[in-house]
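Asker: Take a look at the letters that make up each chain.
2 protein chains.
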Amino acid sequence: MMSSVKRFLIGRPLKSDQLGDQKLNKTKALAILSSDALSSVAYGPEQILLVLITLSAAAFWYSIPIAAGVLVLLVALILSYRQIIFAYPQGGGAYVVSKENLGIYPGLIAGGSLLVDYILTVAVSVSAGTDAITSAFPSLHAYNVPIAIIFVLLITTLNLRGVTESASLLAYPVYLFVLALFVLIAVGIYNILTGQVSAELHAPLGTPVAGISLFLLLKAFSSGSSALTGVEAISNAIPNFKEPSPNNAAKTLLAMGSLLALLFSGIVFLAYYYGIVPRPEVTVVSDIAEQIFGRNFMYYFIQGTTALILILAANTGYSAFPLLAVNLAKDKFIPRMFTIRGDRLGYSNGILILGLLSIVLIVVFKGRTEHLIPLYAVGVFIPFTLSQSGMIVRWVRKKPEGWVMKLIINATGALISLIVTMMFFLTKFTQVWPVLVFIPLILVLFHRIHKHYEDVADQLRITSCTKALPIEGNIIIVPVAGITHVVENSLNYAKSLSAYQIIAVHVPFEREDEQVFEQKWTKWQPDIRLVSLYSPYRSIIHPLTKFIDTVQRKASESNYQVTVIVPQFIPKKGWHNILHNQSSLLLRAHLLYRRNVIITTVPYHLKK
Amino acid sequence: MMSSVKRFLIGRPLKSDQLGDQKLNKTKALAILSSDALSSVAYGPEQILLVLITLSAAAFWYSIPIAAGVLVLLVALILSYRQIIFAYPQGGGAYVVSKENLGIYPGLIAGGSLLVDYILTVAVSVSAGTDAITSAFPSLHAYNVPIAIIFVLLITTLNLRGVTESASLLAYPVYLFVLALFVLIAVGIYNILTGQVSAELHAPLGTPVAGISLFLLLKAFSSGSSALTGVEAISNAIPNFKEPSPNNAAKTLLAMGSLLALLFSGIVFLAYYYGIVPRPEVTVVSDIAEQIFGRNFMYYFIQGTTALILILAANTGYSAFPLLAVNLAKDKFIPRMFTIRGDRLGYSNGILILGLLSIVLIVVFKGRTEHLIPLYAVGVFIPFTLSQSGMIVRWVRKKPEGWVMKLIINATGALISLIVTMMFFLTKFTQVWPVLVFIPLILVLFHRIHKHYEDVADQLRITSCTKALPIEGNIIIVPVAGITHVVENSLNYAKSLSAYQIIAVHVPFEREDEQVFEQKWTKWQPDIRLVSLYSPYRSIIHPLTKFIDTVQRKASESNYQVTVIVPQFIPKKGWHNILHNQSSLLLRAHLLYRRNVIITTVPYHLKK
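Listed in order, the protein sequences are those of chains A and B.
Residue numbering for the first sequence follows the UniProt record's numbering, beginning at 1 and increasing consecutively.
Residue numbering for the second sequence follows the UniProt record's numbering, beginning at 1 and increasing consecutively.
Careful, some of the hints might be misleading.
Simulated restraints on C-beta separations [unchecked claim]: (1) B:Y537 <-> A:H447: 33 to 39 angstroms; (2) B:L445 <-> A:V282: 56 to 62 angstroms; (3) B:L169 <-> A:D549: 38 to 44 angstroms; (4) A:H447 <-> B:Y500: 37 to 43 angstroms; (5) B:P508 <-> A:Y105: 34 to 40 angstroms; (6) A:W575 <-> B:F429: 29 to 35 angstroms; (7) A:K520 <-> B:N25: 37 to 43 angstroms.
Just so you know, the hints here were simulated from the structure itself, not pulled from any lab data.
This one's a predicted model, so the numbers in the text were calculated from it and none came from an experiment.
Cβ coordinates follow ideal geometry from the N, Cα and C atoms, glycine included.
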């Protein structure tokens, strides 16, 4: 039953060699990996205006130079990540780059913050998209959390089905959103060029503004930089691309960068020219669209695709998180299960854990995840800074042809990212301080997991010096509860093993039972020695464990091995288990984890 | 850790032969077994007035003849149950009596409805007591459910500690309550006799009342009979009494009956004479107490002990439920685990399940369990009727000395109980219909459980005709994941068993791994045959199961037994388990439940 539900949801399993079919071409990759970056156009420009409005509407012209600064940062990041793609065609992004060039701890800081960040991406973007939908249908507002959870479950299922299938489905909304914004920008600029828009709506560039400060401008700049989150996704996901993957990934990255630059500058420019003032209940994009189109079909089209792409931005997390987890798991910093490909060849454990944790975040924050945005932005810029710095070290070390130019590009990227990161800490400390708590915590966790794996490997490794002694003989202990077929079965098996000795053990709770049972036993199995362990406290496990300890102490002296044969009957139906006390299960668990004895379970399958 | 918490809560384990020390003397038994019956004095009289007030306050004089009717029923029940105690000194009450005399299905109806009823007792009485407390401290009202749950947990823990310990603690409130009500009644009557109470407060007996009908009177009568719930508890619990248990139980029953009769008639009389009109926010007892004492210490003493005894009424359920469950479990109608005595010699599984289910009821009904009272009353009167009828059949069959008198007593009890039961269905059908659903459901469940146990017994019984064939030889399959100490350990063990054949099985996911591993293996363990099962779908369990099936088919032809040796490493710390995929656990569960192979787990304990 369970398995047919699973089949229906995620499809039939794929063979390992079908992995090639699951790889992405450029069009699909752009859709699936850039929804996060592109969707940030929907809120990035607004973030700049929200800082400037603390002065006055006249300060809005500063959004133009600030946007130019963000564009410079974007260009630097795109060019740096393009270099990373070619330098690290196996993918891995910030974690791998920082680890290889700066050392293991910078790598783990980058990896850890990205890991947490992708969970935030999913929670934040799905909540934002749900908000957009429930703003349109206020009657749904009370169901924000369940709706957001349903979206997470949907995206999780799509990703479990496999990368290409989700790409085919997710490509439409992304391209429709891009199309919608291009139409908006084109019509807006056409209106301006044809003189339909009054120049008095905005203060001209260079208008002096009272109270302007570098601090404020930097704050506006770092807020606007939150539009660049998601830029790193492609460099993490190179292995998902069709061959030649680095070339395809680089081209996709450039396409994404160009789209992002065009849309971002278009929106900032229109907002400035149309004199848009950010209001709490209406987004800047919605305001622009209403001024240009009024409330016609295009307006609703833009609103609808915006809501959709906000939800789909979560998908970037689903592409990047499992791949990053594989890299960390291969290096033994997180549980090994993240390296296993599921039925549909995706790293299903990563996908499931990501879905689960983001649902937890949504539930804990009751769907109000907006104030996680700065946290999330700083969690992106830390690895940005680290990976660019890593590339600087790489160029200095390797000095390939044209390395000076490459170094300058990465150095610019590193510097601007560092400034943005610091600005977040300076201007929004109350919102980003948790980073300073969870990064050390994650590092400790990574360290402990790594140590455990290393310890295990040490202990399991076969080295010439430690050769296990051969076992001289076996002593078999069979706990018996009565004279039944189940016990008969186990005794038959014990006899077939040509053991040195077989001991049947009975644990009576009453003295009378003890004698009656012993008499019956001698009649039934005269060859097998029966030991009775009277248990006044009605515990089966304690007297048995004590007895086994005694036997084992003697046995180990002459290198004999003790095996406990546990008769267990398997009922035909699951619910029947509740009708049997199954002391054998408890006994087995107790012995296995506490004692060094071998446990053999002899099943007796009930037929009705 | 867990076990020391357990020790602290319920005390150290007791030996089986200390059971005698845990038995009850009459004083303690009265306290522990009659709290349910006595506490119903707190609401029984009110139930009568609530029906009569639908006509007019003038109709209140009818409460006197109705109370007389209830007293007749009480006498009949006490006498009948006294006869039951001597006839069934092993205890069991309605279930055993109905089963032996009327047949198995009437017995199960009685047993099933009592089983459910005791859960209702606990939920209803704890909720009522909590209500009484939070009425006194309105700021606690929002925490009704958690407070009720804490009380259930407390009573559960007390009962797990053992019958006598809880009796010592619980005796005080019960006797204080009885004392408080006696003082109330005595002072009330003294006031009347000394002429301090105006005779105009009440209509004289025999005042004609417009609209009075037999239906209404019967409804009032059946409502008042709810004060008799709990009367059967003593007959269920005879085994808890000190020897000679039947005599002690019978004396306790008479004492309880007398107390109940005195308190009940006293309260009804005072309510009538003082002209108390039931009001939603104040109980009748509280009203009487206020009129007699004003708001002085005695008033609060009566209120406090009433609240306490309502909560303690739950304890009757805790005494009776586990004993009834033992009887049903011994007859194989409910899971066997209910027959096991816990560390403190109480039937701890019954106590725990009762606590758990009543917490579920409290949570589901959000602590508002008042409207469960009729359901609960009808669930008591069905077994009352059945057990009295059973006694009629018994007297007719056995005809002991003086049987005609005994028969008349039980026949009176049966008839009145039947009338009360029918009145509940006629007058409160909307509240009691669930009985008609859950009794058939419980019967079906009892039947299926019984059938399963019978089937199992049939299959396990050793009969001469089915002698298991001896096993000719063993084939051992060892799934191997790598070349490690864990595997070495398992192979050493396999070799020591002098098996007919040992096969190591490896499940590679990639063709390349397959060859590499095979080469390494031949170097390492040249004597042991390695089978590689390439698994394109990356499943370990499916190819292994298929392989085992093939081996087993061949083996069973010549009566060979297949054993799968599962190497398993046991990490030093619990949380480490999450770091290992533990496919061995899954494999074991899968094979054990689906296939007829023997599973041997060879533990490898990690040292760090």
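Asker: Next step is simple, just say for each hint if it's right about the structure.
Answerer: Here is how each hint holds up against the structure:
For Y537 (chain B) and H447 (chain A), the hinted distance range of 33 to 39 angstroms is satisfied, since their beta carbons lie about 35 angstroms from each other. Against the hinted window of 56 to 62 angstroms, the Cβ-Cβ separation of L445 (chain B) and V282 (chain A) comes to about 60 angstroms, which satisfies the hint. Under the hint 38 to 44 angstroms, the C-beta atoms of L169 (chain B) and D549 (chain A), about 40 angstroms apart, fit the expected range. At about 49 angstroms, the CB distance of H447 (chain A) to Y500 (chain B) disagrees with the hint of 37 to 43 angstroms.
At roughly 35 angstroms, the beta carbons of P508 (chain B) and Y105 (chain A) sit within the given window of 34 to 40 angstroms. For the hinted restraint 29 to 35 angstroms between W575 (chain A) and F429 (chain B), the CB-CB distance of approximately 33 angstroms keeps it satisfied. Checked against the hint of 37 to 43 angstroms, the C-beta distance between K520 (chain A) and N25 (chain B) comes to roughly 40 angstroms, which is consistent with it.
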